[in-house]
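*Asks:* Below, each chain spelled out in residue letters.
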Amino acid sequence: MMSDSIVNGSAPNASKDFGKKKRANRSAKLKQCKLDARREQWLSQVKNNKGCEDEVNGNGVAVVGGELNGSTRKKAPIFKDLELKSPSLEENEIHHDSDSESSSHANSPTSSTSGGNDSGTNYSGISSSSSSISSSFGFSCGGSYSGSITEEEEEEGGGGGCADDGCLDDWEIMADALAAATTPNDKERHNPAPDLAPNTETGSGLGLTTEPSSPGSVGSHSERSKPEGAGILGKGAAKNRAWRPDDASRPQTLPNLSKQHSFPARHSCHVVNPWVRNNVPTSCPICCEDLDLTDSSFLPCSCGFRLCLFCHKRILEEDGRCPGCRKPYAADPVEKEASVSGGSLTVRLARSCSMFSRV
Amino acid sequence: MVDFSRVQKELQECNKDVKLSGISVKPKADSLSHLIGTIPGPVDSPYEGGTFLIDIVLPDGYPFEPPKMKFLTKVWHPNISSQSGAICLDILKDQWSPALTLKTALVSIQALLSAPEPDDPQDAVVAQQYLRDHQTFLGTARYWTEAFAKMSSHGIEEKVQRLVEMGFPEALARSTLEGVGGDENLALEKLCSS
Numbered sequence: 001m002m003s004d005s006i007v008n009g010s011a012p013n014a015s016k017d018f019g020k021k022k023r024a025n026r027s028a029k030l031k032q033c034k035l036d037a038r039r040e041q042w043l044s045q046v047k048n049n050k051g052c053e054d055e056v057n058g059n060g061v062a063v064v065g066g067e068l069n070g071s072t073r074k075k076a077p078i079f080k081d082l083e084l085k086s087p088s089l090e091e092n093e094i095h096h097d098s099d100s101e102s103s104s105h106a107n108s109p110t111s112s113t114s115g116g117n118d119s120g121t122n123y124s125g126i127s128s129s130s131s132s133i134s135s136s137f138g139f140s141c142g143g144s145y146s147g148s149i150t151e152e153e154e155e156e157g158g159g160g161g162c163a164d165d166g167c168l169d170d171w172e173i174m175a176d177a178l179a180a181a182t183t184p185n186d187k188e189r190h191n192p193a194p195d196l197a198p199n200t201e202t203g204s205g206l207g208l209t210t211e212p213s214s215p216g217s218v219g220s221h222s223e224r225s226k227p228e229g230a231g232i233l234g235k236g237a238a239k240n241r242a243w244r245p246d247d248a249s250r251p252q253t254l255p256n257l258s259k260q261h262s263f264p265a266r267h268s269c270h271v272v273n274p275w276v277r278n279n280v281p282t283s284c285p286i287c288c289e290d291l292d293l294t295d296s297s298f299l300p301c302s303c304g305f306r307l308c309l310f311c312h313k314r315i316l317e318e319d320g321r322c323p324g325c326r327k328p329y330a331a332d333p334v335e336k337e338a339s340v341s342g343g344s345l346t347v348r349l350a351r352s353c354s355m356f357s358r359v
Numbered sequence: 001m002v003d004f005s006r007v008q009k010e011l012q013e014c015n016k017d018v019k020l021s022g023i024s025v026k027p028k029a030d031s032l033s034h035l036i037g038t039i040p041g042p043v044d045s046p047y048e049g050g051t052f053l054i055d056i057v058l059p060d061g062y063p064f065e066p067p068k069m070k071f072l073t074k075v076w077h078p079n080i081s082s083q084s085g086a087i088c089l090d091i092l093k094d095q096w097s098p099a100l101t102l103k104t105a106l107v108s109i110q111a112l113l114s115a116p117e118p119d120d121p122q123d124a125v126v127a128q129q130y131l132r133d134h135q136t137f138l139g140t141a142r143y144w145t146e147a148f149a150k151m152s153s154h155g156i157e158e159k160v161q162r163l164v165e166m167g168f169p170e171a172l173a174r175s176t177l178e179g180v181g182g183d184e185n186l187a188l189e190k191l192c193s194s
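Protein sequence lines, in the order shown, are assigned to chains A and B.
Heads up, the first sequence is in the UniProt record's numbering, so the first residue is 1 and it goes up one at a time.
Heads up, the second sequence is in the UniProt record's numbering, so the first residue is 1 and it goes up one at a time.
In isolation and in its complexed conformation, chain A is listed as follows (with noise of 0.2 Å):
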């Protein structure tokens, strides 16, 4: 148990470079840039939250999760799964700064309960899963959200509702107990768990904002309030108070609520305008197969005739013209690269989209 929770604590500045290396690659840019979309809604919750309580909190919360995860199951594999796939903890531990603020918004079993399941259909969402047990306060969202985070980063169609099948013994109880309370919500449920996601990321996007050298920070903020645990749970149930009363009063339609006025606002705008405005199809108009970050900033045409880049090498191999206008492609195709701010936030918010509604 204890050394699950040094594990959890420690795993990540272990291996911090390597994990650097890989969230860097995906997760690190994506929520980089989601952060900007989303900053300023969160930005005055996250003072009053983050600075303190809540991000020790929340790794305090992944410490217990960690012991309680160890002792309910499969303790051998998450130990495996935490040392080998550092950047996934590492994920799980910027998750848990977001849990805890996000946990502090839509602080109710419902949610929970989703993200119970979630996690548990997901290594690195186990720990993070158990967390939500764990804590009695927090059993809220911080499961559903790294559960659905983590998905999303590893590209699963799958997502966030795949989730039922109830893979925590504890939290079969519990699901059933929620969902029969629930069952109407089902569906807003599993639609929103992926709409969660970037609520998270944008989460951790602000702690890295906010603390610029983010993993690293991050990982010495767990270690730093591993010891405190218990205490900071405790400290944790009491700042989660300002929450409460919504929470006994009406737990399950608490996170509807907030899914409700922050989600669906924010989605349409954030990630289906910029999709629009930027003209970029979501799949290849020859093939029809879906375009991927590559072909989508592909452009090898100054006509704009966008196409995967499948279909335009057998092109070149044939006639060599482009089928939007009809005129021989350059030898040299503009291979346009979108800005990093513009363009490529752009097409990681229009992938994302594409996920969610597979999701």
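None of these hints come from the bench; they were simulated from the model.
Be a bit skeptical, because a hint or two may be false.
If you want the ones that stay clear, here's a sample from chain A, every Cβ over 12 Å from chain B, calculated [unchecked claim]:
no., residue
1, V280
2, D292
3, L293
4, T294
5, S297
6, L299
7, L309
8, A330
Each pair of labels, with its calculated beta carbon distance range [stated by the list, open to error]:
no., chain 1, residue 1, chain 2, residue 2, range
9, B, L20, A, A330, 16 to 22 Å
10, A, T282, B, E158, 49 to 55 Å
11, A, E289, B, A171, 56 to 62 Å
12, A, P281, B, L186, 51 to 57 Å
13, B, A111, A, L293, 17 to 23 Å
14, A, P281, B, K93, 24 to 30 Å
15, B, Q128, A, P281, 31 to 37 Å
16, A, A330, B, L131, 30 to 36 Å
17, B, P59, A, K313, 35 to 41 Å
Below, a list of computed lysine-lysine pairs in the DSS-like style, where the Cα atoms sit at most 27 Å apart [stated by the list, open to error]:
no., chain 1, residue 1, chain 2, residue 2
18, B, K93, B, K26
19, B, K68, B, K190
20, B, K19, B, K9
21, A, K313, B, K9
22, B, K150, A, K313
23, A, K327, B, K93
24, B, K190, B, K150
25, B, K150, B, K16
26, B, K16, B, K26
27, A, K313, B, K68
28, B, K68, B, K26
29, B, K190, B, K70
30, B, K19, B, K150
31, B, K68, A, K327
32, B, K159, B, K190
Keep in mind it's a predicted model, so treat the numbers as computed, not measured.
Glycine included, C-beta positions come from ideal geometry on N, C-alpha and C.
Go by the hints and put chain B onto chain A.
*Replies:* Then chain B, alone, in the frame of chain A:
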């Protein structure tokens, strides 16, 4: 190998607004590489009111190669062979683009019906008639539409057969039917009065 996922998608897209465009594409058999397209004759043309079936064969290279299309329904048109139904249309040959679809190709054929290109004919006889005796061309094209492209008059051969059974010579029956636009009763009246 034909890109069947794309063909599938095209069929779905195309058949979504059949009511609006009147253009539909359906597989001829189980294979998605052999299809039947349907286009309505464009209004304000001698083909108005007709429904034209087009045989579509997708080559292995589709969509990088153009689909092979020809009329199954007999059409009297300078750019369509009155014998084989072969279509002379640039986008079905060198001007094909993979960005085009079966539906856009069928729309183009529909446009070709409205706007013949007698200077680049597929059927020289029809093109000559189009240029020299436009009224006759219009009459013939209208008759062919009536005779072959109308669901109601798809049984023109049966009408001829019935008139023949009544004792009229087949050639006369056919030409009379042709003259009255395929109306069996009118043709009968005309035959009896003559």
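*Asks:* What hint numbers does the structure not satisfy?
*Replies:* Of the numbered hints, 9, 13, 15, 16, 17, 19, 22 and 29 do not hold.
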